Amino acid sequence: EAGVVQSPRYKIIEKKQPVAFWCNPISGHNTLYWYRQNLGQGPELLIRYENEEAVDDSQLPKDRFSAERLKGVDSTLKIQPAELGDSAVYLCASSGRGSFNSGANVLTFGAGSRLTVL
Amino acid sequence: GENVEQHPSTLSVQEGDSAVIKCTYSDSASNYFPWYKQELGKRPQLIIDIRSNVGEKKDQRIAVTLNKTAKHFSLHITETQPEDSAVYFCAATNNAGNMLTFGGGTRLMVKP
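First to last, the protein sequences are chains A and B.
Mapping of the first sequence onto the working numbering: position 14 corresponds to residue 14, and the numbering continues sequentially without gaps.
Mapping of the second sequence onto the working numbering: position 64 corresponds to residue 182, and the numbering continues sequentially without gaps.
Extracted from the complex, chain B is given alone in its bound form:
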């Protein structure tokens, strides 16, 4: 089955700096790569996703890049703010595209 590795497990940045979280996956047939943000005690919420027909997608201060050859994708957050502090999870689909496997999560702390 699919295996998703996520790094780093914790990330601390100063407000205004950029943050980058990286994930690798094992199934070369994976075609969909979402990122979820989970604030303390709340549900994981989809913040951005990318499908493999594109290499990069942006939405305001967040962007995701995908390298299918190397089987890795990354989340980039620019101009970080304290409200960006949360746990971020990446995920990848299986071959059939009907299941998501999640990474272990990255705890991002943005210091004011």
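So that you can see chain A by itself, here it is in the shape it has in the complex:
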């Protein structure tokens, strides 16, 4: 099993430029998450998808961030235009069907995409 796959691993751009990150979740995982991790901090949720539907995007800065998961499998996260404060690691994660509270469902992270905005 490939796990959660993300690309690119690293991206350096100048401010005001656009950037996009791609994620392919674990096969069969219907729930996909994008988290942002600032240096020295814990992951913070940006958006959660159940299949192709964004069910929680309250923390996504919608003026410059957008995301899509058109076929309910892989997903892209876009920032346009990027700002200096967007420098962070963008982590994608996925989980199977059902609640974390019961059963064996767990959250699995990808390796992340490290963004540096100059």
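I should point out that these hints are in silico values taken from the structure, not numbers from a laboratory.
Treat the hints with caution; some may be incorrect.
Calculated pairs, BS3-like style, for lysine-lysine (alpha carbon to alpha carbon, straight line, at most 27 Å) [claimed, not checked]: (1) Lys-186(B) / Lys-78(A); (2) Lys-15(A) / Lys-71(A); (3) Lys-11(A) / Lys-175(B); (4) Lys-15(A) / Lys-140(B).
Restraint ranges, calculated between C-beta atoms of paired labels, are given here [said to hold, decoys possible]: (5) Gly-98(A) / Gln-163(B): 16 to 24 Å; (6) Gln-199(B) / Gly-98(A): 33 to 41 Å; (7) Val-138(B) / Arg-64(A): 36 to 44 Å; (8) Arg-114(A) / Thr-128(B): 39 to 47 Å; (9) Ala-147(B) / Ser-58(A): 14 to 22 Å; (10) Ala-147(B) / Val-55(A): 13 to 21 Å; (11) Gln-178(B) / Pro-81(A): 42 to 50 Å.
Note that the coordinates shown come from a computational prediction; the quantities given were computed from them, not determined experimentally.
Each residue gets a CB set at the ideal place from its N, CA and C atoms; glycine is no exception.
Add chain B to chain A, keeping to what the hints say.
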């Protein structure tokens, strides 16, 4: 929403000693509490988790304890080794059990 506090932010121990990291959470409906280990430049990886029907769970040198009344849970690492050096994150679910909120992390340094 859920709020998770984690202490300490940094912890330095001598190889062979024990390490304890503590977390508190705010939502009394939370039922699932995982711990993730993140080595430098790598992804957070699940190392142990506990669901609220048990108070303690062990896996070799690591254990997690849960006190639902006090709304806190802890990670215990015994006989620490240099390869345990990493950042550890605790997390707790929301009421619906479909989201995780993470603590701020603890940087553990094990000195040989």
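Results for each hint:
{"no.": "1", "hint": "Lys-186(B) / Lys-78(A)", "verdict": "violated (39 Å)"}
{"no.": "2", "hint": "Lys-15(A) / Lys-71(A)", "verdict": "violated (31 Å)"}
{"no.": "3", "hint": "Lys-11(A) / Lys-175(B)", "verdict": "violated (40 Å)"}
{"no.": "4", "hint": "Lys-15(A) / Lys-140(B)", "verdict": "violated (39 Å)"}
{"no.": "5", "hint": "Gly-98(A) / Gln-163(B): 16 to 24 Å", "verdict": "holds (21 Å)"}
{"no.": "6", "hint": "Gln-199(B) / Gly-98(A): 33 to 41 Å", "verdict": "holds (35 Å)"}
{"no.": "7", "hint": "Val-138(B) / Arg-64(A): 36 to 44 Å", "verdict": "holds (41 Å)"}
{"no.": "8", "hint": "Arg-114(A) / Thr-128(B): 39 to 47 Å", "verdict": "violated (22 Å)"}
{"no.": "9", "hint": "Ala-147(B) / Ser-58(A): 14 to 22 Å", "verdict": "holds (19 Å)"}
{"no.": "10", "hint": "Ala-147(B) / Val-55(A): 13 to 21 Å", "verdict": "holds (18 Å)"}
{"no.": "11", "hint": "Gln-178(B) / Pro-81(A): 42 to 50 Å", "verdict": "holds (48 Å)"}
Checked against the numbered hints given earlier, this structure breaks hints 1, 2, 3, 4, 8; the rest are met.
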